[in-house]
Every structure is written in structure tokens, then in C-alpha cells.
Amino acid sequence: MHGKALPYLLLMPATLFLCVFFLYPFALVAFEAFTRDGGFTLDNFRTMAGNWKFPVAFWNTTLLAAIVVPIQLVTALLMATVVSRLETGRGAALYIFAIPLGISDLAAGLIWLAIFDQSGFLNTLLSNLGLVDRPVMFLGYQSKLTIFIAVVLAEIWRATAIMMVILVAGMGLIPREYHEAAEVFGASPWKRFVKITLPLLRPSLQTAIILRVILAFEVFAVVAALGGTNLPVLMGETYNWQFSLQDRNVAAAFALLILAISVGLTLFFLRALRVPKEARI
Amino acid sequence: MSAVAEAPVVATADARKAGSWLLVATVILLSVWVLLPIYLLIVNALSSPEEVTAFPKRFFPSFDFGSLSFFINFAGVGRALWNSVLVATLTMILSIGFGAPAGYALSRFDFPGKGTFRFLVLMTRAFPLPLLALPLAVMFIRTGLDDTAIGLALVHTTLALPFAVLITFSLFSGIPVELEEAAWTLGCTRLQAFRKVILPLALPGIAASAIFAFTISWNEVFAAAVLTIENRTLTAFLLQSLGESPLYLKFAGGAALVIPALIFIFAVRKYLFAMWGIANR
Chain A
2 MHGKALPYLL
12 LMPATLFLCV
22 FFLYPFALVA
32 FEAFTRDGGF
42 TLDNFRTMAG
52 NWKFPVAFWN
62 TTLLAAIVVP
72 IQLVTALLMA
82 TVVSRLETGR
92 GAALYIFAIP
102 LGISDLAAGL
112 IWLAIFDQSG
122 FLNTLLSNLG
132 LVDRPVMFLG
142 YQSKLTIFIA
152 VVLAEIWRAT
162 AIMMVILVAG
172 MGLIPREYHE
182 AAEVFGASPW
192 KRFVKITLPL
202 LRPSLQTAII
212 LRVILAFEVF
222 AVVAALGGTN
232 LPVLMGETYN
242 WQFSLQDRNV
252 AAAFALLILA
262 ISVGLTLFFL
272 RALRVPKEAR
282 I
Chain B
5 MSAVAEAPVV
15 ATADARKAGS
25 WLLVATVILL
35 SVWVLLPIYL
45 LIVNALSSPE
55 EVTAFPKRFF
65 PSFDFGSLSF
75 FINFAGVGRA
85 LWNSVLVATL
95 TMILSIGFGA
105 PAGYALSRFD
115 FPGKGTFRFL
125 VLMTRAFPLP
135 LLALPLAVMF
145 IRTGLDDTAI
155 GLALVHTTLA
165 LPFAVLITFS
175 LFSGIPVELE
185 EAAWTLGCTR
195 LQAFRKVILP
205 LALPGIAASA
215 IFAFTISWNE
225 VFAAAVLTIE
235 NRTLTAFLLQ
245 SLGESPLYLK
255 FAGGAALVIP
265 ALIFIFAVRK
275 YLFAMWGIAN
285 R
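In the order they appear, the protein sequences are chains A and B. Each number in the working numbering corresponds to the 1-based position in the first sequence with 1 added. Each number in the working numbering corresponds to the 1-based position in the second sequence with 4 added.
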């Protein structure tokens, strides 16, 4: 077997697969969102937006993303920087920092449930320190703020690793000479970080931010484990409409909204953090 | 005179020492941040049901297997575990089977349409893929794939395939084409050269990306919960029983999700960075 056909033959299975299970369902979800009983309609979106939970879910999700992602970016940069400066134990530190990458969002939610639950470890600690007389109900339906904080912490804990790994890989691509030259000219570590690392890291920062923002709008199982239905988010509402309310078309409208937000934000960050071709390493 | 000359040297040495202490302290702090929550979950999983719901809690496990045996014997758990393994194995086979040939083609050939394929693969990352389970649910009912392991594995493969393509692409790119050419001149056919020369070199990396595919499927919650009813995976089972299940069941289930993940990530740690480094472009 030789000639021009081989690469196409090799690509064929993957391409066909992505057409059937990625492009086609994408078209299907758009179709379902805009139809009801066979006719074109915007009713699904009206039903979606008219539900009292919709604005709450929308703002909860957006607020979560807006708070979590910047904190994660800073934490991931810190992790990547300390790892790159470490001389011994680099591998061990990298493995430990990367662990949450392999942990399911549901498991992460359960992990933080062990801490925030009424009989959990945080209450034990507070009572051992004499700060509370009896266990506080952190995750009850009246304590939306603490549920929100618990979700924020769980999300930071869970998904910083993915950004860290991308940034470590990106830092590895920056030639050492740049740092050495800057050091010779007396640039402080902070200055080197701001003037060399950050600008040259832009492609990785872009990837990390895009990936993470998309994941942030998919937040679901962490919230389900910690807040149940007390903290509505977009993915959770999608799930509800599909299952509890048995309305596929409205669920599709939710799905399309999340897809639109993801694509919109991807395009935004592709532009905002654009790296000119000649500036790439 | 000499004292004046020495002072700055001493000062920088001090600063360096302080810097390295700060570095070590930061690494330890970040490691504790990652590991402590997991430890607390394990403490819960290794305590008796009474201890899990008691207050205040102990910060050390009593190594009572009551919670774990309750979990294992709980109706549906054994089957859910089996389903999780089955779906993840199928996902692994599908994503490597489709992804590795594509990765090889991308690394060895230049052909029209290469850019389009890469764009298709990268585009999958701008979409919240689990959402595509919603329209697929209908398609699966029509084709008889609903509530089957293979149906869910197909959806999980859309999540894992892009990674399989990118990691095998980077793997094959790292193996010099000259090795293959030498085998051809010695009389190997293209297939023989691949099997005898390239495959042995690429196998560890392919295994790593297979494990990564397994982990992605093992951890996935949303699509699993949408697409399975009778044949629920462990994540779907835990999610759907969140409302009614007792705490000790949740924590034992969480631990059952986490422990394999820790091992998976340990097994692929060397390749994590290659995977994401290449994902940058």
C-alpha cells in the first residue's frame, strides 16, 4: 500500500467518527432547540428564559467562572513557577500538583462534602478550636453563600491542575538564554517573570484560559454533590429539563446556550490573547 | 575595605537562602492544599458508618471497613463498577483505534486537507462535549444503542479521541523517520517497518494515552447520567443517588472513584506534559 491514498485511509476512521458523533449531534441539538412538534419556534428559548430558575442559574454559573478562573490562573502560574525553579523533587511536586487532573468532578464534590458537611472536618476543626458551640449547617438551603464558597474552593482545588500542566509545558518551551541574559543585566526575578515569562507564555496562557473557561461553564457534578438543587447552574438545569421535566427541546435550548457562550468566549480569548505569527518561539 | 566588598555578597547569599526556603515552603503548602482534602475523604472511607456521621470527627482513620463493605454490597454498586470498567475499556479501545492511525498520518505525511483535520480535532475542545449526549440520546433509542455500554463509550470517545490524536501525533513525531526508511531499504514493507520498528518505540506512549482515555471515561458524569438508566456507570449511580444515599455511602463511593484515578495519573505522569505541550499549537 503506498501513494497518496494512505494518509486519507488512516484519517478516515477518526474523521468519520467525529462527523457522526460530534458535528451531527451538534446540528441535531440546534435543530431540537428551534423546533417543537415539528415546526420552527422560539418557544423553547422563551420557556427557558421565562423559568424563575434561569436567571439564577445563569448568574451563578457566570459568577463562578468569573471568580474561579482568575484565581486558578494565578495559582497555576505560581505552581508552574515553583516547579520550574525546583532542583530536587521536581517530579514528585509535579505529580502531586497534577493529581486533581485525574479526579472526577463528582469525586471532587464528594471530597469537599467531607469537609463542609455538618458533621464534617471543618466543623470539627472549628469546634476543637472553640470557635463554634455546635456544628454549623454550611450546605443547608438557607446558606447559599457558604454553598457558593464551598463550590468555589472545590472548583479551584479540582481544575487548577489542568492549567498548571499546560503552563509547565509552555514554560519548558521558553529558551533558557532569555532568562540568563536578563539575569546578567540585573533583572530581578519578578521583572524576569513579567517581562520574559509572561509574554512568551502567551500561547499557553491562551490555551489554558480557553479550556478552563469552557470547563467552568460546564460545572455540574461539583455543585450537585455540594449544593443539591440549592445552587442552580446552567448544566444542572439542562439535566433537570431533560430528566425531571422530561422536556428535551428546552434542554436542547439550554445546551445551545452553553455552546454559544463557550464558542463566544473561545473566539474572544483567541482574539484578545492573539499571538502574532512572527512572535512565536 | 574587605568588609565593604563582602557585605553585598553576604546579602545576596542571604536573599538566596531566604528565597529557597520560601520556595520549599510554597511547594509544601501547595502540596498540602492538594493532598489534605483527598486524605480527609480516605479517612471517611476507612471509618465505620457511625463514625462518619458522628460529631466531632477524628482526623485519623479507624481502619474500619464497615463503610466500604456497605458500599460494595449496596444494591447496584457491583454492576455500576463493572459498567464503568466496561465503558472505559471500550472508550480506550475506540479512541486509540481511531486516534493512533490519525496521529501517525499527521506526523508522517503532508497532504491537502491536513489543516482541516487538525482544525476539526482542535475545534472539539471549544465545545462542552458532554452536552452532545442530549441529542444522541434520541438517536441511540432509534438505533438500539440506548442504555448500552457501547453507546456511552461512543460519546466518551469524542472526549478522548482528540487527546489520543494529539498525543500519538507527538509520539510518532518524536521517532525519527530515518529509522523507518532504514527498515524499508532493508526490505521491510511499510506495515512491517511500522510493526517492527516504530510500534515498539511508541508503545509506552500509546499505553499512556490509552490510560488517559480510560480515565476520561471513568470520571465522566453528565453524559453517563443522561445516557444510562439500567446500565448505570459508577459516576451516574452516585450522582443519581446523591439525594437519598447516606453520607458513608457517598464517601466510600467517592473513594472508589478517586483511588483508581490516583494510580492512572501516576502511570501517565511522564506523558502529561508532552500531551499538553503539543496541545498548545
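Treat the hints as calculated values from the structure; they're not laboratory data. Ideal Cβ positions, reconstructed from N, Cα and C, are used throughout, including at glycine. Just so you know, not all the hints are guaranteed correct.
Think about it this way: if two alpha-carbon atoms lie no more than 30 Å apart in a straight line, the pair counts; the simulated DSSO-like pairs of lysine-lysine are [to be verified]: (1) B:Lys200 with A:Lys192; (2) B:Lys21 with A:Lys196; (3) B:Lys21 with A:Lys5; (4) B:Lys118 with A:Lys192; (5) B:Lys21 with B:Lys118.
Beta-carbon label-pair distances, calculated as ranges [what the hints assert, rightly or not]: (6) A:Ala183 with B:Ile233: 38 to 48 Å; (7) B:Pro204 with A:Val21: 24 to 34 Å; (8) B:Arg199 with A:Ser120: 50 to 60 Å.
Arg199 (chain B) paired with Ser120 (chain A), Cβ distance criterion 50 to 60 Å: 58 Å, holds
Distance restraint between Lys200 (chain B) and Lys192 (chain A), which requires alpha-carbon spacing of 30 Å or less: 51 Å, violated
Lys21 (chain B) paired with Lys5 (chain A) [C-alpha distance capped at 30 Å]: 61 Å, violated
Measure nothing beyond the straight line between the CA atoms of Lys21 (chain B) and Lys118 (chain B); if it is 30 Å or shorter, mark the hint as holding. Violated. Lys21 (chain B) to Lys118 (chain B) sits at ~52 Å, over the 30 Å cutoff.
Against the 30 Å threshold, does the CA-CA distance of Lys21 (chain B) and Lys196 (chain A) hold or violate the hint? Holds, at roughly 24 Å.
Honestly, do Pro204 (chain B) and Val21 (chain A) meet the 24 to 34 Å range at C-beta? 33 Å, holds
When you check the alpha-carbon spacing of Lys118 (chain B) and Lys192 (chain A), does it fall within 30 Å? 41 Å, violated
Within 38 to 48 Å: is that where the Cβ-Cβ distance between Ala183 (chain A) and Ile233 (chain B) falls? With a Cβ separation near 60 Å, Ala183 (chain A) and Ile233 (chain B) fall outside 38 to 48 Å, so the hint is violated.
Of the numbered hints stated above, those contradicted by the structure are hints 1, 3, 4, 5, 6, listed in ascending order.
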